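K.L.:
Each chain, letter by letter, is given below.
2 protein chains.
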Amino acid sequence: MAASGGNGESTTKPKVYSTPINFCPSCGGQVSKQVPEGEVEERAVCTQCHKVHYVNPKMVVGCVASYDNKVLLCKRAIKPSLGLWTLPAGFMELGESAAEGAARETQEEALTIVHIVAPYAHLDIPLIGQSYIIFRGELEKADFKPGPESLDVRLFALDEIPWDLLAFTSVTVVLKKYIEDIERGAFGVHHGVIEKKPGSSPSDPDGYVLRDHMVVPGPR
Amino acid sequence: MAASGGNGESTTKPKVYSTPINFCPSCGGQVSKQVPEGEVEERAVCTQCHKVHYVNPKMVVGCVASYDNKVLLCKRAIKPSLGLWTLPAGFMELGESAAEGAARETQEEALTIVHIVAPYAHLDIPLIGQSYIIFRGELEKADFKPGPESLDVRLFALDEIPWDLLAFTSVTVVLKKYIEDIERGAFGVHHGVIEKKPGSSPSDPDGYVLRDHMVVPGPR
Numbered sequence: 001m002a003a004s005g006g007n008g009e010s011t012t013k014p015k016v017y018s019t020p021i022n023f024c025p026s027c028g029g030q031v032s033k034q035v036p037e038g039e040v041e042e043r044a045v046c047t048q049c050h051k052v053h054y055v056n057p058k059m060v061v062g063c064v065a066s067y068d069n070k071v072l073l074c075k076r077a078i079k080p081s082l083g084l085w086t087l088p089a090g091f092m093e094l095g096e097s098a099a100e101g102a103a104r105e106t107q108e109e110a111l112t113i114v115h116i117v118a119p120y121a122h123l124d125i126p127l128i129g130q131s132y133i134i135f136r137g138e139l140e141k142a143d144f145k146p147g148p149e150s151l152d153v154r155l156f157a158l159d160e161i162p163w164d165l166l167a168f169t170s171v172t173v174v175l176k177k178y179i180e181d182i183e184r185g186a187f188g189v190h191h192g193v194i195e196k197k198p199g200s201s202p203s204d205p206d207g208y209v210l211r212d213h214m215v216v217p218g219p220r
Numbered sequence: 001m002a003a004s005g006g007n008g009e010s011t012t013k014p015k016v017y018s019t020p021i022n023f024c025p026s027c028g029g030q031v032s033k034q035v036p037e038g039e040v041e042e043r044a045v046c047t048q049c050h051k052v053h054y055v056n057p058k059m060v061v062g063c064v065a066s067y068d069n070k071v072l073l074c075k076r077a078i079k080p081s082l083g084l085w086t087l088p089a090g091f092m093e094l095g096e097s098a099a100e101g102a103a104r105e106t107q108e109e110a111l112t113i114v115h116i117v118a119p120y121a122h123l124d125i126p127l128i129g130q131s132y133i134i135f136r137g138e139l140e141k142a143d144f145k146p147g148p149e150s151l152d153v154r155l156f157a158l159d160e161i162p163w164d165l166l167a168f169t170s171v172t173v174v175l176k177k178y179i180e181d182i183e184r185g186a187f188g189v190h191h192g193v194i195e196k197k198p199g200s201s202p203s204d205p206d207g208y209v210l211r212d213h214m215v216v217p218g219p220r
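Here the protein sequences come in this chain order: E and Z. Residue 193 in full-length UniProt numbering sits at position 193 of the first sequence; the count goes up by one each step and never skips. Residue 149 in full-length UniProt numbering sits at position 149 of the second sequence; the count goes up by one each step and never skips.
To be clear, the hints were calculated from the coordinates, so they are not data collected in a lab. Do not take every clue at face value.
Since the list gives no way to pick out one identical chain from another, each pair is judged satisfied if it fits inside one copy or across any two copies.
Stated by the list, open to error - Distance condition first, Cα-Cα at most 27 Å in a straight line; then the derived DSSO-like pairs of lysine-lysine:
id: 1; residue 1: K51; residue 2: K79
id: 2; residue 1: K197; residue 2: K70
id: 3; residue 1: K33; residue 2: K79
id: 4; residue 1: K176; residue 2: K51
id: 5; residue 1: K176; residue 2: K196
Source: prediction; values computed, not measured.
Start from the sequences and build out the full structure, keeping to the hints where you can.
P.N.:
Here it is in structure tokens:
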């Protein structure tokens, strides 16, 4: 079925960037794109063992780790967006929970322990098949240093965020909502969809639109 | 890195059920399990083209669709848990948002239009590598019928939920939290981890423990 606007209206499904499946991961046979019986989407189906191979969005898990009214950002030592600032985040691994993954990424990127305290934002980015699950966390102490994937790690006051040097639009959106919530006096839980403008870079601060934003406001 | 308890404590990562990758989906070469340079986890690495193939948790998206203080449940016409009752839910597809996926699944399973109104629960099930993202939704009208994957579709008052005939522990947990929130007078946003008891069936009503539950209480 075509993607819908959250309310059942059909829209044209955009082309999603994903690695093509050419061979069956199970038996090594060649695959062909077919619509399996009872389905509506084209899938990679093995011409030899007939297994259907699904490709689904990937979850990125991370956190806004705070200490003394400041938030922890990591300067990326790896591509993409090398040299730009990000929230600690990365792909969720099998066998862990999203909160555990967010704590693990903070440990890996900033060599520090964060206590995950609440869910905060879930942002889908359909164009790249990613779903960001971001928590609020509190640093145990202001003791951190760059892990292998970071060039630098720092606490930023909210009026010092380097907006033009953020690594990803998801980071921009999360930090904007976080500051709005601080000003409002209550942390909510946010959900929304980042529509990347075609051809925009991952870090383009104007390269996106946030649509279908929903928020459950938390207690003041 | 080993999974942590959300606060950095190392625990042993459980064995996760996932389809093994024997051949490279890209070039068809044989893969071997190796720890790539700079990583800590074993991955499927192609011995021919050297691509690393990651396997990540899958997102299941769905909703509690309400109408007239009742909730919509679908009786499954497919395995697993054939004949048992579920919330409309299914694997998130590439190119859609989680909310769009939840509306699409409701359309497919109950042939009805639901308006997604708020995020509600995110439940990780590490043992099976799945993450449930559940929304609250409102049915446009009490007009629905079983889609191809359902034997029956009904609205249940909250004191009529067929607890012993629910398809999945995730459905049990979501409906329990939903009823608690109704009694409390406010819908929050929930996050938690379902630990399946080894050997329990997907639908065993006592086959799980909910750990690391966090809730952001919504407005009354």
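K.L.:
Indicate, hint by hint, whether the structure satisfies it.
P.N.:
Hint-by-hint comparison with the structure:
Only between protomers do K51 and K79 lie at most 27 Å apart by alpha-carbon distance; the minimum there is 17 Å, versus 34 Å within a single protomer. Proximity of K197 to K70 under the C-alpha cut-off of 27 Å is found in neither arrangement, the shortest distances being 31 Å within a copy and 40 Å between copies. For the homomeric pair K33 and K79, the shortest alpha-carbon distance between copies (24 Å) is at most 27 Å, but the shortest distance inside one copy (31 Å) is not. Taking the shortest alpha-carbon separations for K176 and K51, neither the intra-copy value of 44 Å nor the inter-copy value of 37 Å comes in at or below 27 Å.
Taking the shortest Cα distances, K176 and K196 sit within 27 Å of each other inside one copy (17 Å), while across copies they are farther apart (37 Å).
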